[in-house]
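Protein chains: 2
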Amino acid sequence: MKKLLFIVLFCLLCAPILNAQDLLVKAKERFKPIPANPPTLENNRITKEKIELGKMLYFDPRLSKSALISCNTCHNVSLAGSDLQPTGTGHAWQQGTRNDITTFNAVFNTSQFWDGRAKTLAEQAKGPLFNPVEMANNEERVLKTLNSIPEYVNMFKKSFPGDKNPVNIDNLAKAIEAFEATLITPDSKFDRFLKGDSNALNAVEKAGLQAFMDNGCDACHKGINIGGETLEKFGVVEMPSSEIMNNDFGRYNVTKNDDDKYVFKTPTLRNVALTAPYFHSGKVYSLADAVKIMAKVQVGVELSPKDTDSIVAFLKTLTGVQPEITLPILPPSTDETPQPDLSK
Amino acid sequence: MKKLLFIVLFCLLCAPILNAQDLLVKAKERFKPIPANPPTLENNRITKEKIELGKMLYFDPRLSKSALISCNTCHNVSLAGSDLQPTGTGHAWQQGTRNDITTFNAVFNTSQFWDGRAKTLAEQAKGPLFNPVEMANNEERVLKTLNSIPEYVNMFKKSFPGDKNPVNIDNLAKAIEAFEATLITPDSKFDRFLKGDSNALNAVEKAGLQAFMDNGCDACHKGINIGGETLEKFGVVEMPSSEIMNNDFGRYNVTKNDDDKYVFKTPTLRNVALTAPYFHSGKVYSLADAVKIMAKVQVGVELSPKDTDSIVAFLKTLTGVQPEITLPILPPSTDETPQPDLSK
Numbered sequence: 001m002k003k004l005l006f007i008v009l010f011c012l013l014c015a016p017i018l019n020a021q022d023l024l025v026k027a028k029e030r031f032k033p034i035p036a037n038p039p040t041l042e043n044n045r046i047t048k049e050k051i052e053l054g055k056m057l058y059f060d061p062r063l064s065k066s067a068l069i070s071c072n073t074c075h076n077v078s079l080a081g082s083d084l085q086p087t088g089t090g091h092a093w094q095q096g097t098r099n100d101i102t103t104f105n106a107v108f109n110t111s112q113f114w115d116g117r118a119k120t121l122a123e124q125a126k127g128p129l130f131n132p133v134e135m136a137n138n139e140e141r142v143l144k145t146l147n148s149i150p151e152y153v154n155m156f157k158k159s160f161p162g163d164k165n166p167v168n169i170d171n172l173a174k175a176i177e178a179f180e181a182t183l184i185t186p187d188s189k190f191d192r193f194l195k196g197d198s199n200a201l202n203a204v205e206k207a208g209l210q211a212f213m214d215n216g217c218d219a220c221h222k223g224i225n226i227g228g229e230t231l232e233k234f235g236v237v238e239m240p241s242s243e244i245m246n247n248d249f250g251r252y253n254v255t256k257n258d259d260d261k262y263v264f265k266t267p268t269l270r271n272v273a274l275t276a277p278y279f280h281s282g283k284v285y286s287l288a289d290a291v292k293i294m295a296k297v298q299v300g301v302e303l304s305p306k307d308t309d310s311i312v313a314f315l316k317t318l319t320g321v322q323p324e325i326t327l328p329i330l331p332p333s334t335d336e337t338p339q340p341d342l343s344k
Numbered sequence: 001m002k003k004l005l006f007i008v009l010f011c012l013l014c015a016p017i018l019n020a021q022d023l024l025v026k027a028k029e030r031f032k033p034i035p036a037n038p039p040t041l042e043n044n045r046i047t048k049e050k051i052e053l054g055k056m057l058y059f060d061p062r063l064s065k066s067a068l069i070s071c072n073t074c075h076n077v078s079l080a081g082s083d084l085q086p087t088g089t090g091h092a093w094q095q096g097t098r099n100d101i102t103t104f105n106a107v108f109n110t111s112q113f114w115d116g117r118a119k120t121l122a123e124q125a126k127g128p129l130f131n132p133v134e135m136a137n138n139e140e141r142v143l144k145t146l147n148s149i150p151e152y153v154n155m156f157k158k159s160f161p162g163d164k165n166p167v168n169i170d171n172l173a174k175a176i177e178a179f180e181a182t183l184i185t186p187d188s189k190f191d192r193f194l195k196g197d198s199n200a201l202n203a204v205e206k207a208g209l210q211a212f213m214d215n216g217c218d219a220c221h222k223g224i225n226i227g228g229e230t231l232e233k234f235g236v237v238e239m240p241s242s243e244i245m246n247n248d249f250g251r252y253n254v255t256k257n258d259d260d261k262y263v264f265k266t267p268t269l270r271n272v273a274l275t276a277p278y279f280h281s282g283k284v285y286s287l288a289d290a291v292k293i294m295a296k297v298q299v300g301v302e303l304s305p306k307d308t309d310s311i312v313a314f315l316k317t318l319t320g321v322q323p324e325i326t327l328p329i330l331p332p333s334t335d336e337t338p339q340p341d342l343s344k
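Here the protein sequences line up with chains A and B, keeping their order. The first sequence runs 1 to 344 under the numbering used here. The second sequence runs 1 to 344 under the numbering used here.
The shape of chain A in the complex, shown without the other chains (with noise of 0.2 Å):
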């Protein structure tokens, strides 16, 4: 009788320690640590030379039209490498169809915008320089300012010193990619408990994350961006509202294949506390609400307010540590440089 007590004593006691353990083997086989450093990207051989001039590049609002819109007007490092509007805010205050995705960690994605039409970050730089909502510049206005600027003409010859002709656009393209290939957020709470430390989550965090798993929200936003990997259709079991679906057909638009109607890419949950406001459209503002919308329309879950405040929980503990960028100095224009463009 005795040793009976004893061992239903130890295993009360036990139980959450096991439930830790089991948590956290489950957790690694659906979730990676951001790694310390970036990693190698294809073609693209990142040196300190291309980092620094990728960085220049991703602050000048010269490679707009206007001379006013930078990468980091959309892409804000101070801000998570988002924005805090519901779709882009481009060339001459037009309004984009898309919240702007963040820089942050996107290198990890295996695809690039939201219905995944670039494949690596250099590709999809080149996406918002020539877009005429975003930063409405063409190929040769571009190569003018950049061969106008002695400066950066010296950086590209450094930071590409095999080619003949290092000026151009995939090289800016790739310069820009070895720059945000270095804006990782590493040493999360989640991380730290992904590498073993089990403390690093509080008893909240870890019914968070537990009820994530259990909803099969881990389904689709696994990995080491927690999303990021695969397109999935937004609107599993019911079609979120029409608001929030914006009229935009996703994937579709792209491939034109009915199976990708209202497919997108599973954005990644890295950083997504800092990152509101939520969807495709931009529409929702409070990380709850979002949480509820995906339970309802991708699983069909109601999800009771202890869980969504639990997941919500959980989610913080994804922001990382956010880069620490030192403003570049940018060498001022010649009298060849092209002048701003402010016009329509």
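Careful, some of the hints might be misleading.
The list treats identical chains as one, so a pair stands whether inside a single copy or across any two.
SDA-like cross-link-like pairs, simulated, lysine to any residue; straight-line CA separation at most 20 Å [what the hints assert, rightly or not]: (1) K261 / G162; (2) K144 / Y285; (3) K32 / E229; (4) K306 / D335; (5) K344 / T87; (6) K261 / E238; (7) K283 / T334; (8) K48 / E324; (9) K344 / V133; (10) K316 / I329; (11) K157 / N247; (12) K119 / P38; (13) K344 / G96; (14) K256 / S148; (15) K189 / P132; (16) K48 / T326; (17) K283 / S343; (18) K158 / L41; (19) K233 / D259.
None of these hints come from the bench; they were simulated from the model.
Let chain A serve as the given structure and place chain B on it in line with the hints.
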């Protein structure tokens, strides 16, 4: 005879040295180097906390109605504290009427704005915030925004420890002023010359300084900022072109005093090689053109190409060490934070 030859030779050899000494003595009478540290401010003790808060506010687009425009949009630290536009572009892509003045070294100006209507940087900071063609915000909304973000409330408390209600517009302006006071650019070539290093300027630059003073440019462009001290009529000898004047009566618009027609603050020439385009209207992109126009309309001199070039060479020695600014990580909005409003 031998003795006389020796004296003549001695004089010929020493003349440049004596001239250089003479130039330095004269220059020291007219100009002062940028100090290594920010000056003290009237009614605003600079503290570490205030600078940090001011830096966050300077970079936070939530101070604007659109949540898209920050102080740094027009006073870009990567672009010598200014932008590349003829006149500022603000809320809803509206065009301002005057060129955006650099915030760098602005703390040494005796007044702020082109018409000198603000005495201090704190007073200046409130201007763009509430100007409908700039950040287009209002006091109530700014305070609602700041009060909705606990990190800001906390930082205002720490920065203004004596205040009962530290979150207010005056304190916001004081914090921005404290940060801006750190945006100084010491140790230019000219500063090193002023401090006694006569080799800091080469022969052409010295000739430029000489021509600058010989032509009386230093009557207004003097002191620490080589400008920024006085309000002067633009067009003393003859009126600049109507394109350059841009229908702007300058200080007259503030005082309605006929004597103030076409009166503007003498702009600083510090970092002038980095802050094109020039004049209150921002109509001139070439520094050489700006120099020629100034000589013509202010002192009635048609500068020779040689003098123009040497003065430009001298002006380039006014480029100081640019401040190294690490971007702040801005605290996230909450459900109470006013959402971006892009409407006009």
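Tested hints:
| no. | hint | verdict |
| --- | --- | --- |
| 1 | K261 / G162 | neither (44 Å within a copy, 59 Å between copies) |
| 2 | K144 / Y285 | between (41 Å within a copy, 17 Å between copies) |
| 3 | K32 / E229 | within (13 Å within a copy, 59 Å between copies) |
| 4 | K306 / D335 | between (63 Å within a copy, 19 Å between copies) |
| 5 | K344 / T87 | both (19 Å within a copy, 17 Å between copies) |
| 6 | K261 / E238 | within (14 Å within a copy, 68 Å between copies) |
| 7 | K283 / T334 | between (42 Å within a copy, 15 Å between copies) |
| 8 | K48 / E324 | both (16 Å within a copy, 19 Å between copies) |
| 9 | K344 / V133 | both (9 Å within a copy, 18 Å between copies) |
| 10 | K316 / I329 | between (34 Å within a copy, 16 Å between copies) |
| 11 | K157 / N247 | neither (45 Å within a copy, 46 Å between copies) |
| 12 | K119 / P38 | within (17 Å within a copy, 48 Å between copies) |
| 13 | K344 / G96 | both (14 Å within a copy, 17 Å between copies) |
| 14 | K256 / S148 | neither (42 Å within a copy, 44 Å between copies) |
| 15 | K189 / P132 | neither (40 Å within a copy, 43 Å between copies) |
| 16 | K48 / T326 | both (15 Å within a copy, 18 Å between copies) |
| 17 | K283 / S343 | between (29 Å within a copy, 16 Å between copies) |
| 18 | K158 / L41 | within (19 Å within a copy, 44 Å between copies) |
| 19 | K233 / D259 | within (9 Å within a copy, 70 Å between copies) |
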